[in-house]
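Heads up: the sequence lines are chains H and S, in that order. The first sequence begins at 1 in the working numbering and counts up by one. The second sequence begins at 1 in the working numbering and counts up by one.
Heads up, a few of these hints could be off.
What the hints assert, rightly or not - Ranges of calculated distance between the beta carbons of each label pair, as one might list FRET restraints: (1) H:L115 - S:A112: 44 to 52 Å; (2) H:L115 - S:G265: 46 to 54 Å; (3) H:Y188 - S:L273: 43 to 51 Å; (4) S:D58 - H:R267: 47 to 55 Å.
As the list claims (entries may be wrong) - Facing chain H, a subset of chain S residues (Cβ under 7 Å, in silico): (5) V19; (6) L26; (7) F146; (8) T318; (9) V330; (10) V341; (11) V345.
Said to hold, decoys possible - If you want a taste of the chain H side facing chain S, the calculated C-beta under 7 Å gives, among others: (12) V195; (13) L198; (14) D201; (15) L209; (16) A214; (17) S217; (18) A218; (19) V294; (20) S298; (21) Y301; (22) L302; (23) D325; (24) G335; (25) N346.
What the hints contain is simulated information worked out from the structure, not anything from laboratory work. Note that CB positions come from ideal geometry on N, CA and C, so glycine has one too.
For reference, the chains in residue letters:
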Amino acid sequence: MVDAEPLLDARDVEVAPPPAPDEATPAPAGWRRHRRAIAAAGLVGGAAVTWMGTTGAVDLPWPRAATVVVGVALLLAGIDSALKLWRGERVQTALWLSVAWLVIVGAAALLADVLPLAEAQDPSRTLTEPSLVRPDLFSEHPLGTDRQSLDILGGVVYGARVSLTVGLGAVAIGLVVGGFLGLLAGYYRGRVDAVIGLVTDALIAFPPLILLLALVSALEPSVRNVTIGLAVLSIPIYVRLARANTLRYAERDFVVMARALGGRDRRILFRELLPNVLPPLVSYGFVVVAVLVVAEASLSYLGLSVQRPNPTWGNLIAAGEDSFDRHPHLVFAPGIVLFLTVFALNRVGEAARVLWDPRARRADGGR
Amino acid sequence: MGTMIAGKLLRLVPIVLLVSLGSFLLLELVPGDPALAVLGETATPERVAEVRAELGLDRPLAERYGEWLGGVVTGDFGRSVVPPVQDVSTMIAARLPVTLEIALLAMLMSLAMAVPFGLWTAHRAGAPLDTAVGGAAFAAISMPSFLSALVLVFFLIFNRGSVRLLVLVLGLALAAGVAVRAVRSARRDGGWERSHRLALVGAAVAAGVAVLLAVALPVFPRQGFVRITGGGLIENLRSAFLPALTLALVEGAVFLRVLRNDLVGTLQEDFVLAARAKGMSTPHVLVRDALRPSSFSLVTVAGVTLGRLLGGTVIVETVFRVPGMGSMLVDAIQTKDFPVVQASVLVLALLFVLINTAVDLSYAYLDPRIRRGGR
Numbered sequence: 001m002v003d004a005e006p007l008l009d010a011r012d013v014e015v016a017p018p019p020a021p022d023e024a025t026p027a028p029a030g031w032r033r034h035r036r037a038i039a040a041a042g043l044v045g046g047a048a049v050t051w052m053g054t055t056g057a058v059d060l061p062w063p064r065a066a067t068v069v070v071g072v073a074l075l076l077a078g079i080d081s082a083l084k085l086w087r088g089e090r091v092q093t094a095l096w097l098s099v100a101w102l103v104i105v106g107a108a109a110l111l112a113d114v115l116p117l118a119e120a121q122d123p124s125r126t127l128t129e130p131s132l133v134r135p136d137l138f139s140e141h142p143l144g145t146d147r148q149s150l151d152i153l154g155g156v157v158y159g160a161r162v163s164l165t166v167g168l169g170a171v172a173i174g175l176v177v178g179g180f181l182g183l184l185a186g187y188y189r190g191r192v193d194a195v196i197g198l199v200t201d202a203l204i205a206f207p208p209l210i211l212l213l214a215l216v217s218a219l220e221p222s223v224r225n226v227t228i229g230l231a232v233l234s235i236p237i238y239v240r241l242a243r244a245n246t247l248r249y250a251e252r253d254f255v256v257m258a259r260a261l262g263g264r265d266r267r268i269l270f271r272e273l274l275p276n277v278l279p280p281l282v283s284y285g286f287v288v289v290a291v292l293v294v295a296e297a298s299l300s301y302l303g304l305s306v307q308r309p310n311p312t313w314g315n316l317i318a319a320g321e322d323s324f325d326r327h328p329h330l331v332f333a334p335g336i337v338l339f340l341t342v343f344a345l346n347r348v349g350e351a352a353r354v355l356w357d358p359r360a361r362r363a364d365g366g367r
Numbered sequence: 001m002g003t004m005i006a007g008k009l010l011r012l013v014p015i016v017l018l019v020s021l022g023s024f025l026l027l028e029l030v031p032g033d034p035a036l037a038v039l040g041e042t043a044t045p046e047r048v049a050e051v052r053a054e055l056g057l058d059r060p061l062a063e064r065y066g067e068w069l070g071g072v073v074t075g076d077f078g079r080s081v082v083p084p085v086q087d088v089s090t091m092i093a094a095r096l097p098v099t100l101e102i103a104l105l106a107m108l109m110s111l112a113m114a115v116p117f118g119l120w121t122a123h124r125a126g127a128p129l130d131t132a133v134g135g136a137a138f139a140a141i142s143m144p145s146f147l148s149a150l151v152l153v154f155f156l157i158f159n160r161g162s163v164r165l166l167v168l169v170l171g172l173a174l175a176a177g178v179a180v181r182a183v184r185s186a187r188r189d190g191g192w193e194r195s196h197r198l199a200l201v202g203a204a205v206a207a208g209v210a211v212l213l214a215v216a217l218p219v220f221p222r223q224g225f226v227r228i229t230g231g232g233l234i235e236n237l238r239s240a241f242l243p244a245l246t247l248a249l250v251e252g253a254v255f256l257r258v259l260r261n262d263l264v265g266t267l268q269e270d271f272v273l274a275a276r277a278k279g280m281s282t283p284h285v286l287v288r289d290a291l292r293p294s295s296f297s298l299v300t301v302a303g304v305t306l307g308r309l310l311g312g313t314v315i316v317e318t319v320f321r322v323p324g325m326g327s328m329l330v331d332a333i334q335t336k337d338f339p340v341v342q343a344s345v346l347v348l349a350l351l352f353v354l355i356n357t358a359v360d361l362s363y364a365y366l367d368p369r370i371r372r373g374g375r
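With the hints as extra help, turn the sequences into a complete structure.
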């Protein structure tokens, strides 16, 4: 084993070094002069074209898709220019949009019960609704309906609730348990370190998805059990991260001094080391949540996570798969939401690590 | 060097034991009677007793583990408890090569995508193309593999005609754009230099590839797998292409980012400047001088990835109904065929451990600083 950092990267949490900066390229002067025009044209034109594509104005599949793509591209260009006018040229548009998306998804998941959503879980209550309706953003079923006339938007919102509960819950457990074990291993070294290291290595010896499948194979697939399975997946990541960070601080002057002043182990661990070790762990959380959301979605795509009638992003996609050549929205509506959420979590996670993790900042500063 | 290898192999022993214990103890996690879980609530008491005996539940835990481990060492994983009853080792022998083939193909494809793009974007770091490729790679990393598999199916199988048209139009447009730029800059510079002619050749190649793809885009099967022994190499590769491509998209993006970032650093080093000053051409500097010292992280990541692909194939094997280890595991979990679950988890985990250790060792071999233990 080489060093703590490549080992951390051995999990699929983060294999790539810090971000390709999307702010650094100075726009040519010509572009900058027209910011206002681009912002206005992009926002208004993009909204109009997107609206045209998402309502019935264009009614052939490919032109409709192309219209939406062009509209969204215009809209993004408009938002980008508007943000640059407002916050200066170095603004990271993708980051802002990611934060906004996560806020929307989180709010929708929290408020799922009070939002005016059509029925998404009980097929016996949708007998009079039309089935396999195509998405139309300004209708009763904004993302369409499935074979049983269940509302896709409703399914996606309740799916967000499952994904976020499971992902955040597992990261919280992993952070507390893994962080604590890593802190102990890094502080006491010796035998404690050896035992914790061995168990961690054994957990990491299973390919992540295989470990998850193995755990779920034995347990009933419920939100609680899937959360536990994902937590087991995230614990070794946090053990290594916490251990590596503890090692960095354990020999520093302030720790040595605390010990010389007669500080007890518990005080040194929780009052001196923990405040320094915690920020990088928390900042890593976004990326771990992203990985776990993907893992949960994969599991429920395989039919081994939370089951219907409770919708999850994965089981919605699996249910739509057999007819998605004729009804692509069954797969693409939950699929795009899943992708955007994972993308946003990764993007915010990168920014958070640059902000809070000294190692990431150092690596980034060398660019 | 020798002691280091021995040390690493010695460290493997407890881990392998723990892994096997973990795989074995899966059965103990099952709430209630595993035999009832296998057969369902309606099973006759005689049948339940039979399955309990088959699973060895009537004997103490330690004895069962010893016997199971002894069997595993001799290649005997027991028999499946769900019909058709088979030797688990026979099932694994039939399915492991399929998984390995897909993992290896995915590996080759991702390297084939990552190295050229990595070289080019590092050379043009900060240019619009670099930003665009970097963004695309970031997006690819955020894409769950079952989703990218379905996207590939949607475009390359269900909408093959439209995709061919799109490839033709975009390819020709790109070629025309490159050609026009080359002609313009040649006129501005007042003569045809080597770089202008190269750009024209590039445009011609792009146009040719676009036409070729539009005319002869292969038909990929939606599902299934053809073994080399069953239908020849071409059919075999055709059925393995989409599963491998799905995995390669994500891994290729990871490789690309790792390689690009290392290369950007290497390209600022003195020896690269010296090579440039001596008048070496850009391709020579990039490929001959900069690539090798920049590839250490790539080798590490690639090795780890090969192990991870073994897990990743679970998804693509299910999407494309490929009879490999992954789909066997998923099927066995659904039918509660515990001996098969235990055996496939163990085999995949052991392969993962072995590959990771091999990568560790090869990394030490590649990097002299580690070889001498002077880190």
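Comparing the hints with the structure gives:
no.	hint	result
1	H:L115 - S:A112: 44 to 52 Å	holds, 47 Å
2	H:L115 - S:G265: 46 to 54 Å	holds, 49 Å
3	H:Y188 - S:L273: 43 to 51 Å	holds, 48 Å
4	S:D58 - H:R267: 47 to 55 Å	holds, 53 Å
5	V19	holds, 5 Å
6	L26	holds, 5 Å
7	F146	holds, 5 Å
8	T318	holds, 6 Å
9	V330	holds, 5 Å
10	V341	holds, 5 Å
11	V345	holds, 5 Å
12	V195	violated, 10 Å
13	L198	holds, 6 Å
14	D201	holds, 5 Å
15	L209	holds, 4 Å
16	A214	holds, 5 Å
17	S217	holds, 4 Å
18	A218	holds, 4 Å
19	V294	holds, 5 Å
20	S298	holds, 6 Å
21	Y301	holds, 5 Å
22	L302	holds, 5 Å
23	D325	holds, 4 Å
24	G335	holds, 5 Å
25	N346	holds, 5 Å
Hint compliance for this structure: hint 12 is the single one not met.
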